[in-house]
Amino acid sequence: MNARRVPLYNEYECVERMYKALVNALDPLNLDFEIIFVDDGSVDDTYKIARTLSVADPRLRVIKFRRNYGQTPAMAAGIDNARGKVLVTMDGDLQNDPTDIPRFLSKINEGFDIVVGWRHKRQDKLVSRKIPSKIANWIIGKVTGVPVKDNGCSLKAYRRELIQKIPLYSDMHRFIPAMASLSGARIAEIKVKHHSRVFGESKYGLWRIYKVLIDLLSIKTIVSFASRPLIWFGILSSIAMGASLLAFIYWLMMPVPGPTESLMVIMGVSMLYGCLGLFLLLSGVLCELIYKTGDNKIEDLSKLTIERQS
Amino acid sequence: MSSKIDLSVIIPVTERHDDMEELYREYKSAVEKTGRVFEFLFVLDGPFPDVENQLNALKENGEVLKVIKLAKWFGEATALKIGFENTSGELIMTLPAYQQVDSSELSRLVNLIENQDMIIARRWPRKDSAFNRLQSRVFNFLMRVQTGVELHDLGCSVRVLRRKVINEVQIYGDLHRFLPVLANRYGFKVHEEKTAQSNKDVFQRVYSSGLYVRRLFDILSVMFLIKFTKKPLRFFGLLGMGTIFLGGILTAYLVMERLFFDISLADRPALMISSLFVVLGAQILAIGLIGEIVIFTHSKDLKEYTIEEIIN
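Heads up: the sequence lines are chains A and B, in that order.
Each step along the first sequence adds one to the number in this note's numbering, with nothing skipped, and position 216 is 216.
Each step along the second sequence adds one to the number in this note's numbering, with nothing skipped, and position 112 is 112.
In short, the hints are calculated from the structure, not lab data.
Remember, it's a predicted structure, so these values are computed and weren't measured experimentally.
Yeah, the Cβ is synthetic: ideal placement off N, Cα and C, and Gly gets one too.
Keep in mind that the hints are not guaranteed to be accurate.
Claimed, not checked - With a cut-off of at most 25 Å between alpha-carbon atoms, the simulated SDA-like pairs for lysine to any residue come out as follows: (1) 300/B x 160/A; (2) 164/B x 211/A; (3) 211/A x 306/B; (4) 230/B x 230/A; (5) 297/A x 300/B; (6) 189/B x 51/A; (7) 220/A x 311/B; (8) 230/B x 51/A; (9) 211/A x 230/B; (10) 66/B x 54/B; (11) 303/B x 224/A; (12) 211/A x 239/B; (13) 211/A x 302/B; (14) 165/A x 306/B; (15) 303/B x 296/A; (16) 292/A x 230/B; (17) 164/B x 68/A; (18) 85/A x 311/B; (19) 211/A x 145/B; (20) 48/A x 187/B; (21) 227/B x 216/A; (22) 220/A x 298/B; (23) 48/A x 311/B; (24) 85/A x 307/B.
Unchecked claim - To give an idea of the chain A side of the interface with chain B (calculated C-beta under 7 Å), a few residues: (25) 62; (26) 170; (27) 218; (28) 222; (29) 229; (30) 272; (31) 280; (32) 287.
Unchecked claim - Every beta carbon over 12 Å from chain B, so not counted as near; a handful from chain A, in silico: (33) 30; (34) 74; (35) 97; (36) 105; (37) 120; (38) 126; (39) 131; (40) 133.
Excised from the complex, chain A in its bound form (with noise of 0.2 Å):
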């Protein structure tokens, strides 16, 4: 059983084209599916349309959220919900092309535990999105250690015991693939196609670029670090050390000072730095303490993949 799910919102143009063009790229595959639309709030028609759709198709479920929640929740909702063996996402604007599917479904079943779809001929506009998402796809790749060309692209596919462990919060959707590192998963790409968005507009801005970056030091955090916290802190630490190193040897190097001159402000400069490294140092030996009473392992993720690689 295969299910695959939707996030909606403010699109009840493309409800009725999206789930034709589902069912039409799904039934000669001869497979039991499902199909679970996301209505993440939406305040038109959308609801009623998905509604109407899935009385006549039961093979059809929709999740309506209570108000408006964002990407995320809204694939974490869905992904929580999905009852297949393998879960497809996908982006309810028509962007994506539902014909890809087969092809996903057929590097599942090659062993992979998530496959990832990259948009290389984009329809999008070259300054506004195309440029910023190309920077952004390779500092993730080279800050998470996860190359993937494409990050932003919904589809994708996953083997359902093993996303639904994964923790997914807060706008982590684009990292899903850091995220799903953690756990070992073995990660795939495929060209998809894509088409230009047809109804709707969507939004870059400053505002997100900085939510990217933070983001991205969160994920780094966690990925690399979140079951070693000290040694992170350790290193920031260090490098607030060696400043305070550093100054301490200026002011060793200073001439003696003379009547009127004094040497106390880079000698406190020292100090600061020093106290910094101290603070960051304990601030992970209580990350430490965190880690260990809270209940998200990543020793426990690692058994997900473990029966596989033997």
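Guided by the hints, dock chain B onto chain A, whose structure is given.
Below, chain B without anything else, positioned relative to chain A:
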């Protein structure tokens, strides 16, 4: 009581309370007008012997009411929570232990819930002193600006809500006051209704200065709860990076002056300030990182969405 209860009336009793007997009679006759099967529960937030005596007297007179007594002061949110746990009505009405709104309005409020999840009373027109009105105005204005939820009288604790609201929205500490705001953020339909203020609610209230400070922190904590709970680094990151940026620019400028204009560096007080900024910013960032690790380790319990309906 054999028949199923429709409406549970919960009255948390705190420091400020009126004569219980009179209050109960007024509330009861108002609730009777709704035509629903109801129950009364008083939650005493700490020892109030006078209230206890009055309630016992009422009970001896054959009135059906439940009383729960907390051993010490826990705060109104806790009292309400215990009230929710010990009642069974699908509809819940919370009332203050003193008269805030004209009790003849109560049945109207209850009947308004038909298409809503929560009804809150707004005392309007206000009859109390100008000072009271001013402080209430300022407080509610700040809340509106911070949360973007259009509510005008969070100080009024006359509220009618469906049980599903409190099943999803967790309150603790001083958060009971903001229950409507939080409920709204969970996607529940919250409606504010103008209600006549009780004549007994009219006197000058000047709180201790500590209380005003606490209200200010309440506003901050609600803002944080709403905007940044799941992403602490976004909040701390903005503060931290801004501070580091300031310090970094200043430090770079001073180093430049030393390198190219030969202005001494080691004894310039400005260097102290710039370093302080960098250090402070780094600490703020570190706190944000700690927050991220807290959220990650508890992300299993933090469901970010609320589902209204699943079809098929």
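**Item:** Status of the stated non-contact between residue 97/A and chain B (beta carbon gap over 12 Å)
**Value:** It holds; residue 97/A is separated from chain B by about 25 Å at its closest Cβ, greater than 12 Å.
**Message:** Check the hint pairing residue 297/A with residue 300/B against an upper bound of 25 Å on the C-alpha distance.
**Reply:** At roughly 11 Å apart (the allowed maximum being 25 Å), residue 300/B and residue 297/A satisfy the hint.
**Asked** Does residue 230/B pair with residue 51/A here, judged by a C-alpha cut-off of 25 Å?
**Response** violated (31 Å)
**Evaluation of the interface hint that places residue 62/A against chain B, nearest CB under 7 Å** = Nearest chain B Cβ about 4 Å off; hint holds.
**Message:** Check the hint pairing residue 230/B with residue 230/A against an upper bound of 25 Å on the C-alpha distance.
**Reply:** holds (22 Å)
**Message:** Given the hinted pair residue 300/B and residue 160/A, is their Cα-Cα distance within 25 Å?
**Reply:** OK: residue 300/B and residue 160/A at ~16 Å, within 25 Å.
**Prompt:** Going straight from one Cα to the other, do residue 220/A and residue 311/B come out at no more than 25 Å?
**Reply:** violated (38 Å)
**Request:** Classify the hint on residue 272/A as holds or violated, based on whether any CB of chain B lies nearer than 7 Å to its CB.
**Result:** Holds. Min distance 5 Å.
**Asked** Are residue 303/B and residue 296/A close enough, with their CA atoms no more than 25 Å apart?
**Response** Roughly 14 Å separates the two Cα atoms, so the pair holds.
**Message:** For the restraint on residue 280/A, tell me whether the closest CB of chain B is nearer than 7 Å.
**Reply:** holds (6 Å)
**Holds or violated: residue 85/A to residue 307/B, with C-alpha atoms at most 25 Å apart** = Holds, because 23 Å separates the two Cα atoms, which is no more than 25 Å.
**Request:** Just double-check residue 131/A for me: nearest Cβ-Cβ distance to chain B has to come out over 12 Å.
**Result:** The assertion about residue 131/A holds, with a minimum of 24 Å to chain B.
Figure legend: structure checked against the earlier numbered hints; hints not met, in rising order: 2, 7, 8 and 34.
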